[in-house]
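Chemist: Residue-level listing of the chains:
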Amino acid sequence: MTSALVAHQITVHYDRQRVLDRVDLRIAAGETVGLRGPSGSGKSTLARVLALLHAPDGGHVALDGQRLAGVRHRLPAAVRTRVAILFQSPRAATDPRLTLAELIAEPLRATGTPREAARARARELADLVGLTPDLLARRPHAVSDGQLQRACLARALVHRPGYLLCDEATAMLDASTQAHLAAVVTDYQRQHGAGVLLVSHDAALLTRWATRVVELPAGGRPTG
Amino acid sequence: MTTTAPATTTGARAGRAPALLDVEGLTVRFRLRDAVVHAVTDLRLTVHPGELLAVVGESGCGKSVLAHALLGLLPGNATVTGQARLHPPAGNPVDLLGCGERRLAREVRGRALGLVPQSPATALTPVRTGRRLLVETLRAYGHPRRDADPAADRLAVEVGLDPADLDRYPHELSGGMAQRLVTALALAPDPPLLLADEPTTGLDRPLVDHTLDLLRRRCDTGAAVLLITHDLAAARRVADTIAVMYASRIVEHRPAGALFDAPVHPYSAGLLDALPDRAFRPVPGHPPMLTDLPPGCAFAPRCERATDTCRTAPAPALPGPGRAACHHPLGAPA
Ligand code: SF4
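In the order they appear, the protein sequences are chains A and B. For the first sequence, the working numbering gives the first residue as 1, with consecutive numbering after it. For the second sequence, the working numbering gives the first residue as 1, with consecutive numbering after it.
Hints in this document: simulated from the structure, not taken from any laboratory. Ideal Cβ placement from N, Cα and C applies to all residues, glycine included. Don't take each hint at face value.
[Claimed, not checked] Cβ pair distances, simulated, as ranges:
| # | chain 1 | residue 1 | chain 2 | residue 2 | range |
| --- | --- | --- | --- | --- | --- |
| 1 | B | 75 | A | 9 | 51 to 57 Å |
| 2 | A | 24 | B | 36 | 56 to 62 Å |
| 3 | B | 79 | A | 134 | 22 to 28 Å |
| 4 | A | 204 | B | 213 | 16 to 22 Å |
Start from the sequences, fold in the hints, and give me the full structure.
Modeler: Next comes the structure, spelled out in structure tokens:
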């Protein structure tokens, strides 16, 4: 069995417009793949397909050799929790009613982890991503974008995913927060042999962070 | 001791042209139920005609509050002290902090001092199309009726928006399109000074560059821009001068090239080191909470150069452009 998250011949249409046209992409365990391309090239769509959030119109996603059908919430938890995604805007992606501690622990609670164990794991992850305990009791409106994105990263790692997909996840952060989150992801990846996808427009960032870079041209057929 | 930087740069010729904006000792506090937020402290800056000044810092350092203080848009629990004078090329100088809401609303906001706000969604009226908003704004600032429609189209093109998209309602716009629309609205009165608060949020890279270059061109034709951003690469692309803000204070204020070549304040140096094309190393530790600033230099808990003096005596006030607010600034630029 191969440890990889693979997009096979993915085609996606929005309103009769073809966003992705038979795209292949492979993220092997332990590697960091950079994905770049002009706006409208379907980078984010491809990340959403790989995260099983969007069912493609053609092609399929395979996880560690197993062909997957259907979208995320239909799949067994053991499959779902193998792939995590982090978006550019943490505010759009979080429930404003939850405290940061609840936000981080929620995916564990949803899969039946007892409250105390989930809390302990949330504290451990909060420490890893650099959130001080006083911030954990706050809700999203009372923290900065950088602090909220740290919480989202902790949440993404809570199930120890084999694959982490970062869609412009540090684009709105200051340089120091970006470098810190990159270091957290890299450490996690080394420890767990995870595969990472970085969708970014920032050539300097991809050169520094990714182990290889794939170019997705407009119209969505990769060359790399 | 502080270090002087070479003070030559294209746009900022301090001392020659009179300053368009002159801020001295600006301090903003927010009173909460059980704490006081030190949002802006003893801030001093000038912006000259033709200058693009970028204020950079991490989110929550107070940089957005600065823009809102200058525009008189702070909530009721804010206390503002200090001086801020605007000297529009046409018209009388305005004491921004003392002239009162009536004058700000009638003569200053939009017309003399524009704002590209950070969250465009809340700045747009939901029941009007982009075109109607833009035409109303143009007419309010003296554009003749027959000319307003084509002028709206020109502004749309200028900010990278398809004029056809002006006929949509705000909820039909993507975040990036709404961002471009509020930029067009801020440009419509052609203000001599524009405050742009993270104006590229939600834009794709080509549009980020397009917007930054648009701001640069305004300055090249004599207007001025105060760009508030978390993005050092953006500042490097277009700014004449950069003010680095940390925990409510400007800690270094320099010509952009000089700052990138040889930062003087340890925080600026740390921020530059975090860039992916430099060391990609984060500044260790975390910024302090603005409700609970340390007694000495606010950067001391994270600073390698910190001494006992730093931990007890506040860092010296920024004496002016080209200096750092630091007890032990880094060596003089080569
Ligand atoms: S004043 Fe001291 S602690 Fe503050 S930045 Fe300078 S050297 Fe560091």
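Chemist: All the hints need checking, so say for each whether the structure fits it.
Modeler: Evaluated hints:
no.: 1; hint: 75/B x 9/A: 51 to 57 Å; in the structure: holds (54 Å)
no.: 2; hint: 24/A x 36/B: 56 to 62 Å; in the structure: holds (57 Å)
no.: 3; hint: 79/B x 134/A: 22 to 28 Å; in the structure: holds (25 Å)
no.: 4; hint: 204/A x 213/B: 16 to 22 Å; in the structure: holds (19 Å)
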